[in-house]
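Chemist: Single-letter residue listing:
Protein chains: 2
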Amino acid sequence: MDILKQRIIDSAEVLPGNVLKVDSFLNHQIDVELVSKLGAEWYERFKNEGITKILTIESAGIGIACLTAQYFKVPVVYAKKSRGVTVGNDYHTTKVVSYTHGQVYDVIISKNAISKDDKVLIIDDFLANGSAIKVLIHIAEMGGATVAGAGVAIEKAYLGGGKDIRAMGYRIESLVKIKSINSKTITFDE
Amino acid sequence: MDILKQRIIDSAEVLPGNVLKVDSFLNHQIDVELVSKLGAEWYERFKNEGITKILTIESAGIGIACLTAQYFKVPVVYAKKSRGVTVGNDYHTTKVVSYTHGQVYDVIISKNAISKDDKVLIIDDFLANGSAIKVLIHIAEMGGATVAGAGVAIEKAYLGGGKDIRAMGYRIESLVKIKSINSKTITFDE
Chain A
2 MDILKQRIID SAEVLPGNVL KVDSFLNHQI DVELVSKLGA EWYERFKNEG
52 ITKILTIESA GIGIACLTAQ YFKVPVVYAK KSRGVTVGND YHTTKVVSYT
102 HGQVYDVIIS KNAISKDDKV LIIDDFLANG SAIKVLIHIA EMGGATVAGA
152 GVAIEKAYLG GGKDIRAMGY RIESLVKIKS INSKTITFDE
Chain B
2 MDILKQRIID SAEVLPGNVL KVDSFLNHQI DVELVSKLGA EWYERFKNEG
52 ITKILTIESA GIGIACLTAQ YFKVPVVYAK KSRGVTVGND YHTTKVVSYT
102 HGQVYDVIIS KNAISKDDKV LIIDDFLANG SAIKVLIHIA EMGGATVAGA
152 GVAIEKAYLG GGKDIRAMGY RIESLVKIKS INSKTITFDE
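In order, the protein sequence lines correspond to chains A and B.
All the letters of the first sequence, read from the start, carry residue numbers 2 to 191 under this note's numbering.
All the letters of the second sequence, read from the start, carry residue numbers 2 to 191 under this note's numbering.
The following block holds chain A by itself, in its conformation from the complex:
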């Protein structure tokens, strides 16, 4: 998607460890007009899938998910991360390792938020090693829902998470794929 690629070229920074910093337009600061266009694009790609819920995980996915959900006219559910808090029987719970921070989180979702009648579109900012998307697939399926696929803004294709998840049979629509990041050069997968 050219407008997102151009914005990455213009405004993203590469930090040590090849962290791609997009906090001037995608997370931290959100260019709402740009992100709404990403939502319109995912709507074009998934509009015939009978989506009933947009599912994401806090925090970076929430704004993107809300701006996307407006096109589908469905609610957003965001899974919460918590550490060591007892949540009782009202929640599906699982675990995820943060790619950025290396910490293990509990991921929770209310049993009321997802049902077997739901067809879920997962939305997130990044797909790196795929752990966040995998945990969202897992927790949606714990709730009995069907996963129609995932829309991610930026896929770090060289990390293989997207390849894994596609091999599991899930559809992923990433709007920009990055082939490699070396020092300060970002190479896109066309």
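Identical copies carry no separate label here, and so any pair may be met within one copy or between two of them.
Dumping the calculated SDA-like pairs for lysine to any residue here, alpha-carbon to alpha-carbon at most 25 angstroms:
1. K96 x G170
2. K112 x P17
3. K74 x Y44
4. K6 x E45
5. K6 x V75
6. K48 x L35
7. K112 x V15
8. K74 x E45
9. K185 x D32
10. K22 x T188
11. K38 x V75
12. K117 x D11
13. K135 x D24
14. K120 x T147
Simulated from the structure, these hints should not be mistaken for laboratory data.
Since the structure of chain A is provided, determine the placement of chain B on it from the hints.
Modeler: Frame of chain A, contents of chain B only:
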């Protein structure tokens, strides 16, 4: 605001400790159509203020802020909570105590995200003791910005946070005010 009040009556739960649980429509699960109407209401109230940024804090404020920002046609900035992570010189940092969890968080915002030319509208889901709104005012002003006011969905008026902040000279537009919560009865401040 009647549609929000009615939704609270229909769908909110009161948990022990008088926690008002609105996670079926305002946080966790977000009724995007309802929240967009809250955004339209804040736009009506602040549209002549020259707002340049919507400011909130992760996580619950992000979706509400993004849906509101569409009316103002300005970006969202969400302050991040972190614990013990060194963020260096690129961020304004301060601290907040969570009303719900009692924990102390560092609150950070990129120095690039807020400038002295900004006129900021703060948006959040709840105003309880006011600590989140106060910290957002403080961090916006650390960045040199002017605070036009705050829009909150639900003000727990009996906790006094709103009264404090208004006494400091800031404008707060809460869409529903709660006068008291006793066991399972919610009384609204008309």
